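Trainee: Residue-level listing of the chains:
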Amino acid sequence: MELIWQGIVKALELVFGGDREVWAITWLSLKISGSATLISLLLGIPLGIVLALTRFPGRAVGAALVNTGMGLPPVVVGLFISIGLWRSGPLGFLELIYTPVAMVVAQVVIALPIVAGLTMASFQSLDPNLALQLLGIGASKLQVLWLLCKEARLSLLAAVMAGFGGVISEVGASMMVGGNIRGQTRVLTTATVLETGKGNFDVAIALGLILLALCFALNLFLTHIQQRGQMRWPRLS
Amino acid sequence: MAETLLALRDITVRHGGSTVLDLQSFEVDGGEVVVVIGPNGAGKSTLLRVMGLLQPATSGNVFFRGVLAGRENSLAIRRRMASVFQEPLLLDSTVYANAALGLKLRGIDRDQIDKKLRPWLERLGIGHLTSRRVRTLSGGEAQRTSLARGLVLDPDLLLLDEPFSALDAPTRETLIWDMREILAETQITTVMVTHELQEAAALAQRIGVLSHGKLVQLGTAGEIFAQPANEEVAAIVGIETRIPAVVEQSSNGTLTVRFEGGKAQIQGNFSNGARVTLCVRSEDIDIGHEPEHPHCSKGVVYMRAKVRKLFPSSAQVRVALQADCGRLVALVGKSRFTELRLREGDEIMASFRCQSVHLI
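Residue numbers (the working numbering), protein chains in the order written: chain D, -18 to 218; chain C, 90 to 449.
Read the hints as simulated data drawn from the structure, not as lab findings. Please read these numbers as outputs of a predicted model, since none were measured by experiment.
Which chain D residues face chain C? A few, computed with CB under 10 Å, are given here:
1. N110
2. L113
3. G117
4. I118
5. Q124
6. K131
7. E132
8. R134
Each residue gets a CB set at the ideal place from its N, CA and C atoms; glycine is no exception.
Only chain C is shown next, with the shape it has when bound in the complex (with noise of 0.2 Å):
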């Protein structure tokens, strides 16, 4: 069992009178790497800042390493950590200055900084820029000396504050990758806060969910994308598809649910009557033209619906639909989008397996 090396303990933030943090607990344990996620104003950015004890809380209590901090002991505790952010503000000076920063400050010697620099300079790909001065960087390898600057102290605790937002496409995805590299070298224990899904799903052990302050779930990567609390987990970790529904028979674990156009036999612990949604991704909702009825078959549902609208991006098409039951949205590669000949008004079959529904 890894030590819980920071605690939060009923933090409340406020601002202005509206709470914007509400935490009961949270616990971030040794080597490991959580992410939290959410929609903008959730309170992430907030969040982080009382972690790294850069903003104190209205109330409640951080413990690092079992220690709870307060203003004595605040520097020494911050010293322990370091925050990377989205915008990597840089002083007006060289990367190498930039980056060996956080080591000066700690009056740590020259050859020292040298000698832990160079590495994580080469590292992060950025060893020939040393002497560059950093206005003249362009965004992904200025958050590359932002993540230098972080990454040489060799903290206890790295906090991320969305690092890849501010970066194009192609950068963002090379610097993703790198870090799931660098992460699972080190073993740093991270929590980074993010809205991006794809970012989450890459670096995540376990992925917290943060709506309007709260933590509305905390689970691993599988649970909470596969398995979400309730509709709101479900419309952040990007579940389109939520199909409200009534459930009609229950018996040892199989429900029959009943929904507007159609019913469907799924696994699932709720009583008779009880208000169900339907839950099911994008990229599990299949399309065609079958000449098939609705009906349920052999675990499939099948329901007709209208193209609502195409919204076409590199490599997939979403498609967004109209049912009886209420509004889909599918995920259709190019090759079977161009086969099918999708124009917007069709009427098209649209099926998704029993299996891959979540009840809540």
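Only chain D is shown next, with the shape it has when bound in the complex (with noise of 0.2 Å):
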């Protein structure tokens, strides 16, 4: 008790106390993982909408990628942009590995799946007449695609959420592709497990605390757009 105690005393001192390093600890990860997020959005939706609704051979296979990578273990996506970005790897020349862009590239590889499998099931769920009944009003296609969006907003919101969620708490990738290098490539995850290895649980919880504040305010915004107007459910019981 006396530990966690003294861990929240300390993560206080740290954060309000205005820690230059921690505050830059939390500023890179809010960096590489919403810049990894906002890609992986950008990339994913579109991916999702193709594959939910176009039909081409080979798309039932893509479908089930998808859904396999959302469960992509991070370690294992870790592992292969390392062999791949590896100085002697064929990526080498790029000189990207212990980079913050590598750890984005590796956030994108884990968040896109998340993201893209979303989309494409809330795009699913939506009725198929529904775009025929816009085009039927004179929509474009462009505009077709825009108010299905609009419409799947709930859905979206959540594979944001969801996407940013699976690579702000992910340590393993951002370990072996970052290399956890002070003032360089060092985030919230990675300052934890580094803490808590060298018996420093009072950094550590604080580090930790930090990392769920951040979560929890991210994700009580986005969830405070989403239940806007929502109807209530009958009583089920």
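Dock chain one against chain two, each of which comes alone in its own frame, and use the hints as you go.
Mentor: Pasting the structure below:
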């Protein structure tokens, strides 16, 4: 109990005392996971829409791959991206290993299938005749897509939350491709692992609490948007 | 002579090896209301989707105001039409936002939208619902929103796909009569498909009968209901009594036709020995206990029949009969029904006037 209490006190000291390093780590975590989520949305939403609305040979295999990818273990992602970016590896000339860019790449690989899979599911749950009715009042094909996205917004916001939640909290891939270099690639999760290893439980708890607070704040915001104007369910008991 | 607004030429639609639609030619003139009737699976909805450029035909052409519709002008043509469907699928928003959607998609500014939309919302009786979320609407209110969404576009062609079918009876009746008034006032060219004969009779200037993807008859409402071209159309337009017969004698347009258990003299143009079918509408068949023998006198055919089954509805009773010549169906008013004290199995005398018979 003492340990946890000390950790909380230390956390408050670090956060509100304006500890430069903690703030830098938090900011880097947000930057890396934020960009990775954004890129995943830009690629994953169109991919999910294509898989949901079109029919082409190999679509079923693509959909199965995306669904499998939703549960991809971050360490496996980290392993393969490390091999790819290793100095002697096929993409070694890019000199990206142990950089934030490499971490963004790894996190995109983790978040992309989550976003694409949830987008696919949300579009498939819409009535196909809705698109027909929108065309029937003179919508262009792009306008139909935009209106369908708006109609699926609840599930798309869930995809954002799941994608961001997946990458901000993952540690394996970030550690392997980022290297946890102080001041360069150290993020909240890798720093927590390091401090725990060193026995600095108070700092580790502090970092963990910041991570939790961050996730909670973002999800609170997105959930608020998502749940606006929701109808009440009837009592089911 | 009104201008041809929409023309279909040699349209076929195939789906999974079977032909869903096969039309040589179909034209809709400016200002008219055409209703296409047919049983489920006849290809009605496909026809409407092809007309609305919402589904490409496997082969054939669609012309709008004489211009061939193709990939490059499809959006422009679609924006001159509006479709309303059986199930109104509205976006998760307010009544107003949904009704305004089509105008918004055309880039029209807010003030203009409001000016155009308000009168339609009032006209369709949903003016008080503008800020309601669509998920809280009743079926009738949702369909009115969907109609407002289409009508506010002031379309050159309005396409209605069974728009009243999903509504309860009183709501449907009111909405049909509202639509009748609106179409008469606005003169919007309209094509509606339905399997409800009542709706067709209430709205149509011309009726097309579609069966297995083919247009089997096209004519005025009067022609279609009174003079179906063949037995299939007769069945579709609700003529349940169809008696097979043979022409015994033909002179100066008056035919003597013989059927199982009787004879009748009917106007028509068939040669001696021709096999014909006597079509009689249920409301034209009378039943009674009169002791007459089966015969034909003063232009009325009498025949003995047995009551097979009774189907009571609110104001009338459908009486299914078995006579020597086959099955007959009569429609009897409730009071007459009570007077006759009909029961299943009763022997009665059925009669119809030769004038009300249509020969095919």
